[in-house]
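Protein sequences, first through last, are from chains A and B.
So the first sequence is numbered by our numbering: it starts at 1 and just counts up by one.
So the second sequence is numbered by our numbering: it starts at 1 and just counts up by one.
In short, the hints are calculated from the structure, not lab data.
Virtual Cβ for every residue (Gly too), placed ideally from N, Cα, C.
Wrong hints could be hidden among the right ones.
Short derived list, chain A residues pointing at chain B, Cβ under 10 Å [stated by the list, open to error]: (1) A67; (2) A133; (3) T153; (4) S157; (5) V159; (6) I231; (7) S234; (8) K366; (9) T448; (10) Y449; (11) S463.
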Amino acid sequence: MTKHSKSASNYSRRDTLRMMALGGAAGIFAPNLLTKPAFGQKAPRVPKGRIVVGLSQEPTVFNPLMAHIEVDDGVHFSVFDALFRIDPKGLIQPNLAAEVPTQKNGGISEDGLKWRIRLRDDVRWHDGKPFTAEDVKFTLELITKPNFRSWRTTGHSLVRDIAVVSPVEITWRMEQAFAPYLSFLTETFVVPKHILEKEADPNNAAFNQAPIGTGAFKWGTRVPGDRVELIANSNYFGDGPYIERLIFKYIPDLTVLYTQFKSGDIDLVGQTYISPDHYEEARKLPSRVVTLEPKSSFESFYLNLERPQFKELQVRQALYAAIDKKAIIDGLYYGVPVPTETFMPRQSFYYNPGLPVQEFSVKRAKQILDAAGWVPGRDKIRAKDGVRLSFTNSTTSGDPLREQVQQYLQQAFAEIGVEMTISNLPAAVMWGEFWQRSRFDSVIVGSTYLIGADPDVTNRLHSLAIGNKGGRGSNNAQYVNPEVDSLLEKGSRTFDPEARRAIYFRVQELVRHDLPLLPLYQNVAVQGHKKGIQGAVSNGNTRTESWNAGAWSWTS
Amino acid sequence: MRGFLLNRLSQSLALLVIVSIIGFIILNLIPGGPLSQFARDPSMTQQDMERLAEQLGLNRPLWIQYFDWAWRLVQGDWGRSFRDGASVLAVIGRHIFATLLLMGTSTVIAIAIGTWIGIRGATHRYSLFDYLATIGAMVALSIPTFWFGLVGIYVFSLQLGWVPAGNMYTIGDGSVLDYLHHLILPSVVLSLVHVAVWSRYMRTATLDAISQDFVKTARAKGLSERRILLKHVVGNALLPMITLAGVQLPSILTGALVTETVFTWPGMGRLFLDSLGYSDYPVVMGLLIFSAILVILGNLIADIVVAIVDPRIRLA
């Protein structure tokens, strides 16, 4: 934690726990944590100045309900609002909703099927029309329209009988209890009914090129291939905006992106941030703030448990002990990523910090294998009952860093009598059948397990999610643990964050014990901005650095 | 003349069809496809991907997709971008000015300097100037443009601070002077290669013209060297250059892939790279057809101009 930014919030984990102990679940949903200037410093009252965010990909999808990629999120978070927002500590806060529904406050029924959301009454669209429950209903219905090219439909497809009780209250029924939906709604931005209902084809609506939202910034202009300019919405109901203009500038090359940060052309580096090889130089730049911010993805040495070599836990433990994470991180990744023991990102409310920490020890790795009866043969490769400890490892070809990691591990494993051959494939081949149908022995893969910021990882670890066995999911390690299965089922039906926390802590313990994947490190972004910018707080529970641009300001 | 044009037109149409078919097939053979950008997004399920493929018409057989696209094109519908939903012609229209500005400027620089170097190299053959020009051209041709670009940015923007590190103009400024200021570095970098090419061609063409009989005649008539050079040599040496200019015409409008990326120049070259990266089939195909038309037009114009300027050539 020493090196990694603590500026993310004024709340530490301990503070959060203490707050929850005092206030129970209600404390977690402390209202208005986001809608008041939370960061102490004074910001100007009249929006002043502009901030240029440099992005290495171009935002092109401005209807937030349509299929889009991470880089579009910055515009969506700035122009639109969702019912809820997730804060840097992973807690869900009200946004367009007046409060977060829980089973305790009656917003969600005991069986988890009936939802009642109360909305704010002081929100207006950028064109001046009032925001009402009708807009929420329209939004949820549009997502599941067959012809609409919507982003994801998981969760939304369970919603039935949406009813507008009053302009500030909406109810619906869920086909089955599905706790992650609350988290999905933090990424479901509400669109204006009065504009989109007139469109014959919402896929090609004029709105998609010049959206109207409720957010802190109004649509300004777009110069395709170059930038998107947003203008302060002075009638915003929430915190801010404090700057007059927010500009997302597209700079396609990472080196050039960094160069323009250095030269001052851009004020804040957005996705995909500063490349790790520039970190050492960047943090010494004058009048720049450069921090390491955890991302939601993590890198792992991923095993196919149906291979005879990997069936025994001891083998997996020995391989894990033979990996020198520190050497890899410092030697190959410029010291940027942080070692991890779990798939859960550390910024998540559900991250279990108490997992046993891997210790690099060749001696112990050998002892484990000796004790388990894996004996070196004449070729120095260990074997047991006719199974040689030899396997292939694959990753996307053309990724020089990962290839170096592979070579490093190849040597490390050879030292304990394990043979690893490298067989890399182009991305399209790698992530097709080969991956989905578990045709690999082992792979090195970077992945995000969470959908939104919800801890539900059924799709990755449940035994019914094994694609190779007819499941619809990506449990490609073919990991089976009945206790994990039942915990995951329970977790997706449990709404109380405290209770869920206990469930996912246990899941992480079990997975750490079983080692279907050897967790290497959590990815970390090198983020940077000019010194005068306030409020640019990282939030690893969202996919964008611009999740709270409304709160950004310049020191006067 | 009319027969020539008709002949050319039918050839061109056939060429367009062939180019579009090959382009379409290759584009679809590239692994990935338009949906691959969502492949690693944990929130998109297999069903979501299948739904999008259906909605975008990507699950139809390839030949149906091609004929659907071609039939619409014939009717004037170039399709819509997969990325932002805008019509392909609008997408092209939005990027063409930036490219025209950059490529136009660098081409003018290249032709002016390249012609001068070429002629001087030919008239002062094997002089120090000629050797330096030859070496310079080889260097410019051998070193990739992006390297010149990055070095240029490092030296002239970061170290000396004379010119901006990229972009077409300062956000919030955009005056003519501001545009010119931003234009200097990328257009000079881009013209390096063109100067090299142009000067080599020009040198050869001039040498060729100098050795002709009419130059000897002119000399025998007692004309001044200056007059001989300007009237007889250069005039004839420029003839093959018209064809070269015709070949280069398309690139003025289709842009420079690498230079536009290094200098964050929002032109056609970068549009092509981006569209290719996202497998934005309608835009890539649109750009392909657009540049194919330009190539055909460029050659046609060059042929006609040559025929007009050079009385020895008659278009049949």
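How the hints compare with the structure:
For the restraint placing A:A67 at the interface with chain B, the shortest Cβ-Cβ distance is roughly 6 Å, inside the 10 Å limit, so the hint holds. Against a cut-off of 10 Å between C-beta atoms, the interface hint on A:A133 is violated, since the closest Cβ of chain B lies about 25 Å away. Satisfaction of the interface hint for A:T153 is found here, the shortest Cβ-Cβ separation to chain B being roughly 6 Å, below the 10 Å cut-off. Checking A:S157 against chain B: minimum C-beta separation of about 9 Å stays under 10 Å; hint holds.
Hint status for A:V159: violated, given a least beta-carbon distance of 16 Å to chain B, over 10 Å. With a least beta-carbon distance of about 13 Å to chain B, the hint placing A:I231 at the interface is violated under the 10 Å criterion. The beta carbon of A:S234 comes no nearer than 20 Å to any beta carbon in chain B, farther than 10 Å, and the hint placing it at the interface is violated. For A:K366, the suggested interface contact is broken, since its CB lies about 36 Å from the closest CB of chain B, more than 10 Å.
Against a cut-off of 10 Å between C-beta atoms, the interface hint on A:T448 holds, since the closest Cβ of chain B lies about 5 Å away. Annotation: interface hint on A:Y449 holds; nearest CB of chain B at approximately 7 Å, less than 10 Å. Interface restraint check: A:S463 against chain B, minimum CB-CB distance 18 Å, threshold 10 Å, status violated.
Hints 2, 5, 6, 7, 8 and 11, counting from the list given before, are not met by this structure.
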